[in-house]
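Residue numbering for the sequence shown follows UniProt numbering, beginning at 1 and increasing consecutively.
The hints are simulated quantities; they were obtained by calculation from the structure and are not laboratory data. Incorrect hints may appear among the rest.
What the hints assert, rightly or not - In silico DSS-like pairs for lysine-lysine, Cα to Cα no more than 25 Å straight-line:
1) Lys-353 <-> Lys-395
2) Lys-251 <-> Lys-225
3) Lys-167 <-> Lys-239
4) Lys-239 <-> Lys-259
5) Lys-303 <-> Lys-353
6) Lys-239 <-> Lys-165
7) Lys-159 <-> Lys-144
8) Lys-144 <-> Lys-167
9) Lys-239 <-> Lys-353
10) Lys-303 <-> Lys-165
11) Lys-251 <-> Lys-303
12) Lys-262 <-> Lys-225
13) Lys-309 <-> Lys-262
14) Lys-225 <-> Lys-259
15) Lys-166 <-> Lys-225
16) Lys-303 <-> Lys-167
17) Lys-372 <-> Lys-350
18) Lys-395 <-> Lys-372
19) Lys-303 <-> Lys-225
20) Lys-166 <-> Lys-239
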Amino acid sequence: MGSRLNPSSNMYIPMNGPRGGYYGMPSMGQLQHPLFNYQFPPGGFQHLQQQQQQQQQQQQQQQQQQQQQTQVQQLHNQLHQQHNQQIQQQAQATQQHLQTQQYLQSQIHQQSQQSQLSNNLNSNSKESTNIPKTNTQYTNFDSKNLDLASRYFSECSTKDFIGNKKKSTSVAWNANGTKIASSGSDGIVRVWNFDPLGNSNNNNNSNNTSSNSKNNNIKETIELKGHDGSIEKISWSPKNNDLLASAGTDKVIKIWDVKIGKCIGTVSTNSENIDVRWSPDGQFIVACTRDDHLALIDLPTIKTLKIYKFNGEELNQVGWDNNGDLILMANSMGNIEAYKFLPKSTTHVKHLKTLYGHTASIYCMEFDPTGKYLAAGSADSIVSLWDIEDMMCVKTFIKSTFPCRSVSFSFDGQFIAASSFESTIEIFHIESSQPIHTIECSGVSSLMWHPTLPLLAYAPEINENNKDPSIRVFGYHS
Numbered sequence: 001m002g003s004r005l006n007p008s009s010n011m012y013i014p015m016n017g018p019r020g021g022y023y024g025m026p027s028m029g030q031l032q033h034p035l036f037n038y039q040f041p042p043g044g045f046q047h048l049q050q051q052q053q054q055q056q057q058q059q060q061q062q063q064q065q066q067q068q069q070t071q072v073q074q075l076h077n078q079l080h081q082q083h084n085q086q087i088q089q090q091a092q093a094t095q096q097h098l099q100t101q102q103y104l105q106s107q108i109h110q111q112s113q114q115s116q117l118s119n120n121l122n123s124n125s126k127e128s129t130n131i132p133k134t135n136t137q138y139t140n141f142d143s144k145n146l147d148l149a150s151r152y153f154s155e156c157s158t159k160d161f162i163g164n165k166k167k168s169t170s171v172a173w174n175a176n177g178t179k180i181a182s183s184g185s186d187g188i189v190r191v192w193n194f195d196p197l198g199n200s201n202n203n204n205n206s207n208n209t210s211s212n213s214k215n216n217n218i219k220e221t222i223e224l225k226g227h228d229g230s231i232e233k234i235s236w237s238p239k240n241n242d243l244l245a246s247a248g249t250d251k252v253i254k255i256w257d258v259k260i261g262k263c264i265g266t267v268s269t270n271s272e273n274i275d276v277r278w279s280p281d282g283q284f285i286v287a288c289t290r291d292d293h294l295a296l297i298d299l300p301t302i303k304t305l306k307i308y309k310f311n312g313e314e315l316n317q318v319g320w321d322n323n324g325d326l327i328l329m330a331n332s333m334g335n336i337e338a339y340k341f342l343p344k345s346t347t348h349v350k351h352l353k354t355l356y357g358h359t360a361s362i363y364c365m366e367f368d369p370t371g372k373y374l375a376a377g378s379a380d381s382i383v384s385l386w387d388i389e390d391m392m393c394v395k396t397f398i399k400s401t402f403p404c405r406s407v408s409f410s411f412d413g414q415f416i417a418a419s420s421f422e423s424t425i426e427i428f429h430i431e432s433s434q435p436i437h438t439i440e441c442s443g444v445s446s447l448m449w450h451p452t453l454p455l456l457a458y459a460p461e462i463n464e465n466n467k468d469p470s471i472r473v474f475g476y477h478s
């Protein structure tokens with residue numbers, strides 16, 4: 001029997017050696033592992049453990065570096081994704097703007113092709129002034145009986161409401177159409193009690209009496225004085241037929257109780273006001289100023305909740321949708337900014353979308369009675385019609401080559417009236433987009449249809465032939 005170990009081992013113990021015999025031992029530095037034939041390094045097991053610890057530390061460092069690199073890559077991917085989303089949003093906005101412009105151009109081309117029909121309608125309107133009135137009935141007009149609509153308006157007459165001694169700046173009906181008010185550059189609000197037959201009723205707060213002269217002129221029943229400067233806009237409460245708000249260049253908004261003829265509240269906006277609008281629920285007022293601020297006013301307390309500054313955007317008009325969910329602002333960029341109204345939040349508003357559609361400043365906008373459509377009039381002489389749910393332009397009205405100053409829908413949504421810097425008011429049939437009637441007048445700063453009747457009130461500019469500037473109501477039909 002030779003050995004119990006591998007013959008090739010460095011350690012060899014003869015089995016037949018004498019007891020107690022001395023044999024030389026190999027160096028421990030030359031030991032080999034019996035299973036893996038592993039050559040131990042100098043220093044033995046202690047040195048091996050140090051190497052293993054160093055390897056573990058290196059592995060941990062590598063893992064940490066890999067984790068850091070992974071986190072950096074993830075952050076880079078997130079930033080890249082956000083950048084791509086911003087580029088996509090900008091591209092979508094640009095595409096929408098181009099689509100709208102293409103649509104407007106197509107509408108212009110289409111309406112130019114229909115100019116012959118428009119001229120025929122206008123000629124019928126002018127010729128009908130020499131035809132005995134036939135007392136055409138107001139009804140639902142469609143594209144098949146536009147000549148009947150043209151004849152109806154050609155048979156209408158106008159009545160003057162006398163009172164303003166200087167330029168009229170705004171005209172407005174109250175919610176039920178029983179009162180009509182106007183504001184002027186003289187800082188006075190004038191109110192008439194309205195009778196559809198053409199008479200105004202006496203008011204205990206006024207010494208003026210109603211008048212039916214040969215010219216059908218009617219004097220105001222009450223004057224509201226308190227502003228120190230021009231009044232640019234007035235707005236009636238939709239819930240109280242006797243409450244009215246006025247916006248003045250004296251940097252205040254005033255709330256009036258017409259029934260008692262007194263101001264019941266004044267709010268400072270710290271800037272010259274150019275527009276004011278009452279919310280549909282009667283609880284809030286928004287006003288925009290000449291230096292592009294928007295003031296949100298709480299009506300129960302008659303205090304300012306917040307004033308917003310819009311840098312780089314010249315605000316021209318502000319308004320609410322019919323539900324009071326949206327606040328819209330028309331600006332000098334030819335856009336309409338739509339904001340969600342959040343009365344219970346600290347910010348109160350949140351930007352939703354920008355409506356691109358005009359190439360020049362938007363001066364006016366108005367919702368139709370159903371609240372589905374928004375009309376906007378611009379310095380590019382185009383009146384655009386927007387589906388507010390889809391926030392897309394669906395129709396345009398083009399007649400004048402002058403900037404549009406004011407727009408208003410008829411009570412039944414059949415017609416839209418638009419005034420410009422020239423001396424006419426155009427009445428369009430909405431379904432067909434055709435001009436139906438032209439009202440000859442001096443330049444008009446403001447107009448508004450009666451809430452329940454086909455009567456159109458407007459505020460003409462001063463001219464040499466008009467000694468007593470007034471508001472006028474068109475649509476009296478015999």
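| task | Hint by hint, work out which the structure violates, then give me just those numbers in ascending order. | result | 3, 5, 6, 7, 8, 9, 10, 13, 16 and 20
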